[in-house]
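Engineer: Chain by chain, the residues:
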Amino acid sequence: MSNAAERLAPNSSLRVFISAPTAARLAALARILVETGHVPVADEAHADVALAAADGRLVLTASGGAGGSLEATADAALIDAAIRAVAAGLVVQMPHAKEPGFHAIEEGEAQKLLTAREIEVLSAIGAGLTNKEIARQLKISLHTVKFHVEAIFRKLDVTTRTGALAKAAQLRLMQTLEL
Amino acid sequence: MANHSDILAQVSTALSARAAAARNEVAAIRLSGGRRLTGTVWRPDLIVTSEQSLPKRDTFDVVLGDGATAEAKLAGRDPGTNVAVLRLSPASSTSAATGNAAAAVGTLALAFGADGMGGASVRLGLVNLVGPEWHSRAGGRIGSRIVLDMQLRPSEEGGPAFNAEGGRLGITTFGPRRQILVIPADTIETVLPSLLQDGRVARGWLGVALQPVAVPDALQPLAGQETGLMALSVAKDGPAAKAGLIQGDVVLAVGGNSARSVRGIVPSLGPDSVGKTATLRVLRGGTLVTLEVTIEARPTQ
Numbered sequence: 001m002s003n004a005a006e007r008l009a010p011n012s013s014l015r016v017f018i019s020a021p022t023a024a025r026l027a028a029l030a031r032i033l034v035e036t037g038h039v040p041v042a043d044e045a046h047a048d049v050a051l052a053a054a055d056g057r058l059v060l061t062a063s064g065g066a067g068g069s070l071e072a073t074a075d076a077a078l079i080d081a082a083i084r085a086v087a088a089g090l091v092v093q094m095p096h097a098k099e100p101g102f103h104a105i106e107e108g109e110a111q112k113l114l115t116a117r118e119i120e121v122l123s124a125i126g127a128g129l130t131n132k133e134i135a136r137q138l139k140i141s142l143h144t145v146k147f148h149v150e151a152i153f154r155k156l157d158v159t160t161r162t163g164a165l166a167k168a169a170q171l172r173l174m175q176t177l178e179l
Numbered sequence: 180m181a182n183h184s185d186i187l188a189q190v191s192t193a194l195s196a197r198a199a200a201a202r203n204e205v206a207a208i209r210l211s212g213g214r215r216l217t218g219t220v221w222r223p224d225l226i227v228t229s230e231q232s233l234p235k236r237d238t239f240d241v242v243l244g245d246g247a248t249a250e251a252k253l254a255g256r257d258p259g260t261n262v263a264v265l266r267l268s269p270a271s272s273t274s275a276a277t278g279n280a281a282a283a284v285g286t287l288a289l290a291f292g293a294d295g296m297g298g299a300s301v302r303l304g305l306v307n308l309v310g311p312e313w314h315s316r317a318g319g320r321i322g323s324r325i326v327l328d329m330q331l332r333p334s335e336e337g338g339p340a341f342n343a344e345g346g347r348l349g350i351t352t353f354g355p356r357r358q359i360l361v362i363p364a365d366t367i368e369t370v371l372p373s374l375l376q377d378g379r380v381a382r383g384w385l386g387v388a389l390q391p392v393a394v395p396d397a398l399q400p401l402a403g404q405e406t407g408l409m410a411l412s413v414a415k416d417g418p419a420a421k422a423g424l425i426q427g428d429v430v431l432a433v434g435g436n437s438a439r440s441v442r443g444i445v446p447s448l449g450p451d452s453v454g455k456t457a458t459l460r461v462l463r464g465g466t467l468v469t470l471e472v473t474i475e476a477r478p479t480q
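Sequences listed follow chains A and B, in order.
Residue numbering for the first sequence follows my numbering, beginning at 1 and increasing consecutively.
Residue numbering for the second sequence follows my numbering, beginning at 180 and increasing consecutively.
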């Protein structure tokens, strides 16, 4: 078995350095670690994974450089899974979280940007509406809705409605700026 | 016995000497829960570090190169350039006078972290990439994009990066996907006076969340451009709201600068824009609208 696979195995035990702003939070994290079969260590340099509670998030860093973050409310099973994944060299990311790190402004290619109308259609898709229902809601023809949906799929390079929603949410996180 | 004519042994000896000297260039900034961040002793009385990882507090305990603990007070922070400055009182007596240098791609880079006990940890890598100036999501302008091909522990972030000649390139910080970026020394020197005087770097603020969008083909002749920035939300009582901008408006230009992309309007929102009036060219429901906005200072979070 490879090193990475060993670390992903549910019965493996990893050395984890934890830090938290309060003693209570630290104790709670330590309890989760022990419950899930890991070993809390006092020195970051000797840990497989560092787990830090900060700013409403749990930030994970592996000695190999992989990392990730979870919401502060993540339960024991999720924390355990994330620790194993990060130790195995995988990146853990919350689906709707802003990616950590200092970022440049992302500029989308002009040809791939949606129009305001397409964004409206997409949010109707997100609300679970069918094409017929979208046509009724936006007071446009079914043909026009289909035209917009095709354009959305082409620009986002996806083939399904859920794919389009996921890709659009990701782009929106990267490209939206508060100025 | 060591063979001193061996070039590898010579390089190793030189690196080890650098690591020993670097203890006076770094300070360990103690955070809660046993965590640390590294600070760069920029001047004997100033510690510079990575703003994104510095908790929102006013005073910090720091460990200097002689192993002594001192109190450092926050002097200022700028999320735009990711620079925070702490003031040391009394000033560090061991700090070395260090000159700044520009990064050159392909050259060796040494990055230092503080080990929390007065010593330095060291990383060796190449300057992987040197690019042109860039704009951060937080609205700051960074003199050049410097990427190092090395990894850092979270506690090593904020320390200095040096070239082989001992010139200080800047401070290290985590970029996207834990890439190691350097905030260039000249960018730090540029924001330092404002940070020390005002505690921050003033930036213009419109009070609007903008997403790039395509202008529909039929409206492109009217708009005169293919893309614009749609207002996803408008801050209540913010400058844009007062000017009459509403959600769904597509901004085409700010004060004569095209809003074809976000990068295009960042120059309109520099430190000297605060208090000035700018014309917003806006596409609203298929017609062109112009609004007069008075730019305010970006509020501190």
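Bear in mind the hints are in silico, worked out from the structure with no lab data behind them.
Here the structure is a predicted model, which means the values were calculated and not measured.
Mixed in with the good hints, there may be bad ones.
What the hints assert, rightly or not - According to the in silico footprint, chain A covers these stretches of chain B (three or more CB under 8 Å from chain A): (1) 199 to 213; (2) 391 to 398; (3) 455 to 461.
Ideal placement from N, C-alpha and C gives every residue a C-beta, glycine not left out.
Engineer: Take the hints in turn and mark each one as holding or not.
Structural biologist: Here is what the structure says about each hint:
Under the rule that three or more residues need a Cβ within less than 8 Å of chain A, the assignment of the stretch 199 to 213 of chain B holds, with 4 such residues. Counting residues of the stretch 391 to 398 of chain B whose beta carbon lies closer than 8 Å to any beta carbon of chain A gives 5, which meets the minimum of three for the stated coverage. Using a Cβ-Cβ cut-off of 8 Å, 0 residues of the stretch 455 to 461 of chain B lie near chain A, which falls short of the minimum of three, so the contact claim is violated.
Violated hints amount to a single one, hint 3; each of the other numbered hints is respected by the structure.
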